[in-house]
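One-letter residues, chain by chain:
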Amino acid sequence: MNRNEIIEKTTAIFHEIFKDDTIVLRDDMTAADVENWDSLTHMLMITRVEEVFGIKFKLKELNKLKMVGDLISTIEVKLS
Amino acid sequence: MELNSITFVIFFAVVFLLYYLFHRKGKVQNIVLLVASYFFYGYVNWKILPIIILMTLFFYFAGIQIGKCNEKGDEKGCSNWTRFTIIIGLLPLLYFKYFAFFVSSFAELFVSLGFNADVPTLRIILPLGISFYTFRLLSYAIEVNQEGMSAEKNILDFATYVAFFPSLLAGPIDRPNVFLPQIKENRVADYDNLVVGLKRFVWGWFMKVCIADRMATFIDPVVANYGTTNSSTLLLIVLLYPLQMYTDFCGYSNMAIGISRMLGIVQAENFKRPFFALNIAEFWRRWHMSLTTWLTDYVYTPLAFSFRRIGKWGLMLAITINMVIIGFWHGADWSFGFFGLYQALLYIPLVIKGKVATGGTIQWKSNLIPLKDLMKMAITYLLFAVGMVFSRADTITDGFAILKGLFIDWGMPHPGELMNWFIFVSCLFVLFIKEWLEESESKMVFWRNNKPVAVVTLVIALVVLIFVLRGSAPKEFIYMQF
Numbered sequence: 001m002n003r004n005e006i007i008e009k010t011t012a013i014f015h016e017i018f019k020d021d022t023i024v025l026r027d028d029m030t031a032a033d034v035e036n037w038d039s040l041t042h043m044l045m046i047t048r049v050e051e052v053f054g055i056k057f058k059l060k061e062l063n064k065l066k067m068v069g070d071l072i073s074t075i076e077v078k079l080s
Numbered sequence: 001m002e003l004n005s006i007t008f009v010i011f012f013a014v015v016f017l018l019y020y021l022f023h024r025k026g027k028v029q030n031i032v033l034l035v036a037s038y039f040f041y042g043y044v045n046w047k048i049l050p051i052i053i054l055m056t057l058f059f060y061f062a063g064i065q066i067g068k069c070n071e072k073g074d075e076k077g078c079s080n081w082t083r084f085t086i087i088i089g090l091l092p093l094l095y096f097k098y099f100a101f102f103v104s105s106f107a108e109l110f111v112s113l114g115f116n117a118d119v120p121t122l123r124i125i126l127p128l129g130i131s132f133y134t135f136r137l138l139s140y141a142i143e144v145n146q147e148g149m150s151a152e153k154n155i156l157d158f159a160t161y162v163a164f165f166p167s168l169l170a171g172p173i174d175r176p177n178v179f180l181p182q183i184k185e186n187r188v189a190d191y192d193n194l195v196v197g198l199k200r201f202v203w204g205w206f207m208k209v210c211i212a213d214r215m216a217t218f219i220d221p222v223v224a225n226y227g228t229t230n231s232s233t234l235l236l237i238v239l240l241y242p243l244q245m246y247t248d249f250c251g252y253s254n255m256a257i258g259i260s261r262m263l264g265i266v267q268a269e270n271f272k273r274p275f276f277a278l279n280i281a282e283f284w285r286r287w288h289m290s291l292t293t294w295l296t297d298y299v300y301t302p303l304a305f306s307f308r309r310i311g312k313w314g315l316m317l318a319i320t321i322n323m324v325i326i327g328f329w330h331g332a333d334w335s336f337g338f339f340g341l342y343q344a345l346l347y348i349p350l351v352i353k354g355k356v357a358t359g360g361t362i363q364w365k366s367n368l369i370p371l372k373d374l375m376k377m378a379i380t381y382l383l384f385a386v387g388m389v390f391s392r393a394d395t396i397t398d399g400f401a402i403l404k405g406l407f408i409d410w411g412m413p414h415p416g417e418l419m420n421w422f423i424f425v426s427c428l429f430v431l432f433i434k435e436w437l438e439e440s441e442s443k444m445v446f447w448r449n450n451k452p453v454a455v456v457t458l459v460i461a462l463v464v465l466i467f468v469l470r471g472s473a474p475k476e477f478i479y480m481q482f
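From first to last, the protein sequence lines stand for chains A and B. Numbers 1 to 80, taken from the working numbering, label the letters of the first sequence in order. Numbers 1 to 482, taken from the working numbering, label the letters of the second sequence in order.
FYI, nobody ran anything at the bench for these hints, they're computed from the structure. Just so it is clear, CB atoms sit at the ideal spot from N, CA and C, and this is done for glycine as well. Watch out, some of these pointers could steer you wrong.
[What the hints assert, rightly or not] Take a look, some chain A residues computed to stay more than 10 Å from chain B by CB distance:
#, residue
1, Arg3
2, Ala12
3, Glu35
4, Trp37
5, Asp38
6, Thr41
7, Leu44
8, Gly69
9, Ile72
10, Glu76
[As the list claims (entries may be wrong)] Taking lysine to aspartate or glutamate pairs in the EDC-like style, the calculated list, with each CA pair at most 20 Å apart, reads:
#, chain 1, residue 1, chain 2, residue 2
11, B, Lys353, A, Glu5
12, A, Lys64, B, Glu75
13, A, Lys60, B, Glu147
[What the hints assert, rightly or not] Derived contacts from chain B toward chain A, CB cut-off under 8 Å, selection only:
#, residue
14, Gly89
15, Pro92
16, Phe96
17, Ala100
18, Leu315
19, Thr361
20, Gln363
21, Lys365
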């Protein structure tokens with residue numbers, strides 16, 4: 001799966017979890033840029049990402065995710 | 001030595017002068033801070049000094065070990081060292097704060113099961129500030145483990161972070177990766193830092209002396225004799241106690257943050273006008289923030305991560321454990337645990353509706369609060385006030401007795417000294433207006449004016465009010481006991 005496909009699928013997850021179909025993902029996007037993105041919805045989003053891509057995160061990896069670009073790159077590494 | 005005492009003002013004046021005398025030597029500035037911090041702590045009770053020094057040394061060396069494991073990519077070693085550090089680091093807190101509670105709880109359990117358990121009452125004195133500096137130390141070990149920062153090699157800087165006197169006794173709980181970089185450079189006296197810090201300090205002093213202490217003279221005696229108090233007076237207590245707690249602790253936090261700012265160090269915030277929150281989730285995002293964000297990062301997130309496969313139930317379980325820990329952090333008693341559990345229950349409808357992150361803030365209409373939002377504010381306040389009864393009562397039974405007492409004996413309230421009421425209600429009104437203007441982002445905030453004339457006028461006015469309106473004797477900060 002290439003980066004664009006990952007972004008496409010992740011965008012759909014963001015629309016579903018944060019209940020906003022207008023979200024367009026950017027690499028530098030953070031929780032502050034998305035309404036409804038807090039510590040609770042964050043975990044729901046991570047769980048959905050794991051289900052959709054069939055991957056598993058470690059807590060340490062989760063703590064290093066500072067922006068959307070980090071999330072996409074981590075998924076990319078895990079799928080490769 | 002309390003932050004609201006004249007002794008402290010003299011102490012701080014000496015530290016301030018020495019600190020900026022060495023503005024070209026950051027290292028000497030940190031020596032001044034560390035010596036001042038240990039003097040400040042030792043002044044309270046010199047016998048508790050070795051505890052903080054030994055804990056600082058232990059975490060310093062443990063941090064270096066965790067850092068070494070990280071550099072080698074030895075994940076297992078890293079986790080083992082971190083677990084070991086956390087367990088050893090928690091032992092003093094568990095002993096001093098919770099051991100007597102564990103013993104008495106087990107003894108009660110045995111007695112209730114019909115066994116004879118004649119256990120003497122343990123009297124262990126809690127070293128001041130231990131809950132706060134233990135959490136600072138734990139966050140350091142966890143951050144180094146999670147590679148949120150490198151291990152600190154400079155023991156002077158590390159010890160200064162742990163013992164930093166403005167926040168040593170009752171927070172805010174600063175994070176090492178935010179605090180330490182600020183003391184690496186020389187700090188020169190900066191006009192903005194000085195005036196912003198001075199205003200925060202004096203405003204915090206005003207909140208403590210003119211509101212919290214004044215409210216305490218009404219609330220404390222009534223709570224001590226709640227069994228003989230009529231319902232209307234108890235209702236006043238239940239409604240006012242959150243405000244007393246807020247003005248006491250936010251007042252303290254403002255003083256600590258203000259002192260720190262005058263020394264050129266920006267500390268973590270503790271409050272963001274919590275009574276403007278429209279639901280309990282938003283309320284806890286604004287109340288004792290340095291503790292709640294600490295627990296969110298180091299307790300809630302790992303728990304929610306572990307429970308993530310069970311969806312919203314996992315979130316609720318993580319929230320419940322988190323809130324019960326918040327309760328017990330405040331004190332070793334079942335009533336504090338119950339306080340936490342009650343707060344967690346208030347989250348359940350929000351989690352089910354998926355509204356934890358939304359709907360918590362006011363939709364301002366030209367600096368006015370819409371009626372619907374005003375109602376939500378009031379409901380959130382009332383829900384929190386009911387919970388606070390259990391954090392104030394000695395036991396869960398006492399808490400329920402106070403709530404039951406609200407419906408038994410109605411009559412005219414006994415307000416105590418009317419002048420006292422006049423003073424704290426007037427000052428609460430000033431506080432409310434200030435927070436309203438800040439929350440609605442009004443441009444009319446005189447507070448933000450940092451021109452010399454405005455600052456001097458404001459500070460002199462507040463200091464005059466403090467000395468005219470203060471009660472007979474300064475009272476301890478409530479959060480010191482936690």
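For Glu76/A, is the shortest beta carbon distance to chain B beyond 10 Å? holds, 20 Å
Does the no-contact call for Gly69/A survive, Cβ to all of chain B over 10 Å? Nearest chain B Cβ is 18 Å from Gly69/A, so the label holds.
Taking only the CA atoms, is the gap from Lys353/B to Glu5/A under or equal to 20 Å? Given pair Lys353/B, Glu5/A is violated - Cα atoms ~31 Å apart, limit 20 Å.
Check on Leu44/A being off the interface with chain B, judged by Cβ distance over 10 Å: violated, 7 Å
Interface hint check: Thr361/B, Cβ to nearest Cβ on chain A, cutoff 8 Å. Holds or violated? violated, 11 Å
Given as non-interface: Trp37/A, which should sit over 10 Å from chain B by C-beta: Given a closest Cβ separation of 7 Å, the condition is violated.
Is the nearest Cβ of chain B still more than 10 Å from the Cβ of Thr41/A? violated, 6 Å
Hint validation: Ala100/B versus chain A, beta carbon distance must be below 8 Å. Holds or violated? violated, 34 Å
Glu35/A remote from chain B - nearest C-beta pair above 10 Å: violated, 7 Å
For the pair supplied as a hint, Lys60/A and Glu147/B, confirm whether the alpha-carbon distance does not exceed 20 Å. holds, 8 Å
Given Lys365/B as an interface hint, is its Cβ closer than 8 Å to any Cβ of chain A? Violated, because the Cβ-Cβ distance from Lys365/B to chain A comes to roughly 20 Å (cut-off 8 Å).
Under 8 Å, Cβ to Cβ, is where Gly89/B needs to be relative to chain A, so tell me if that hint holds or is violated. It is violated, given that the least Cβ distance between Gly89/B and chain A is near 20 Å, above 8 Å.
In terms of the numbered hints stated before, the structure departs from hints 3, 4, 5, 6, 7, 11, 14, 15, 16, 17, 19, 20, 21, listed from lowest to highest.
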